[in-house]
Amino acid sequence: KAGVTQTPRYLIKTRGQQVTLSCSPISGHRSVSWYQQTPGQGLQFLFEYFSETQRNKGNFPGRFSGRQFSNSRSEMNVSTLELGDSALYLCASSLTMGANYGYTFGSGTRLTVV
Amino acid sequence: DAKTTQPPSMDCAEGRAANLPCNHSTISGNEYVYWYRQIHSQGPQYIIHGLKNNETNEMASLIITEDRKSSTLILPHATLRDTAVYYCIVRPNTNAGKSTFGDGTTLTVKP
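First to last, the sequence lines map onto chains H and U. Residues in the first sequence are numbered consecutively from 1, following this note's numbering. Residues in the second sequence are numbered consecutively from 1001, following this note's numbering.
The reader is advised that the hints may include incorrect statements.
Straight-line C-alpha distance at most 30 Å; calculated BS3-like pairs for lysine-lysine [claimed, not checked]:
{"#": "1", "chain 1": "U", "residue 1": "LYS1069", "chain 2": "H", "residue 2": "LYS57"}
{"#": "2", "chain 1": "U", "residue 1": "LYS1052", "chain 2": "U", "residue 2": "LYS1003"}
{"#": "3", "chain 1": "H", "residue 1": "LYS57", "chain 2": "U", "residue 2": "LYS1003"}
{"#": "4", "chain 1": "U", "residue 1": "LYS1052", "chain 2": "U", "residue 2": "LYS1069"}
{"#": "5", "chain 1": "H", "residue 1": "LYS57", "chain 2": "U", "residue 2": "LYS1110"}
{"#": "6", "chain 1": "U", "residue 1": "LYS1069", "chain 2": "U", "residue 2": "LYS1003"}
Far from chain H, by Cβ distances over 12 Å, these chain U residues were calculated [unchecked claim]:
{"#": "7", "residue": "GLN1038"}
{"#": "8", "residue": "SER1070"}
{"#": "9", "residue": "PRO1092"}
Hint data in this document are derived by calculation from the structure and do not stem from the laboratory. A quick note: this is a predicted structure, and the numbers were derived from the prediction, not measured. Even glycine gets a Cβ: it sits at the ideal position worked out from N, Cα and C.
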């Protein structure tokens, strides 16, 4: 079966712009989480969605937002981009929210802000 | 959320078993131990998880101590392709997606 699909794979944006990243979970998976990975901070949790509702949120400013659609696909948006937002953004999906269900990660979107 | 402590790096000879330790002394009773690995900044790959019993799958074995304060991931016959960063994380049964990834262990398998 198809894995978690993230688009685009690479993106270059200018400081001050906004960006939208997309994540299609594994078919049947209803929970989607987003992570930011940078060399200095490692993997950091952004937010988690389940049944179109944000269930958990990490410690990121309000410029980072997301949503989930009825087909479980998710998007995250970053407004007013800063140089420090350059990172690998990873999406992970799971059947549901319980801890006994493994999360499958996508390959990520590499965002570069110049 | 419970934090984990892992050695920053380890080496292993190809064909030998790789034993990667993880400390999670503040783990709660309903929290699972998960192991992932990441190769060349690809997305982390799920390896194995467990609650309190030892677990084995086609990739690895997970040994959890009786007090659940530490665990060991065992790759029985390491290959060069097992060179990666290995993350041990503790996942609560609620808010499971909000997992905290530490710095992981960089495992280098040498020929």
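Status of each hint after checking the structure:
no.: 1; hint: U:LYS1069 with H:LYS57; verdict: holds, 27 Å
no.: 2; hint: U:LYS1052 with U:LYS1003; verdict: holds, 17 Å
no.: 3; hint: H:LYS57 with U:LYS1003; verdict: holds, 18 Å
no.: 4; hint: U:LYS1052 with U:LYS1069; verdict: holds, 10 Å
no.: 5; hint: H:LYS57 with U:LYS1110; verdict: violated, 40 Å
no.: 6; hint: U:LYS1069 with U:LYS1003; verdict: holds, 11 Å
no.: 7; hint: GLN1038; verdict: violated, 8 Å
no.: 8; hint: SER1070; verdict: holds, 18 Å
no.: 9; hint: PRO1092; verdict: violated, 6 Å
Checked against the numbered hints above, the structure breaks hints 5, 7, 9 and satisfies the rest.
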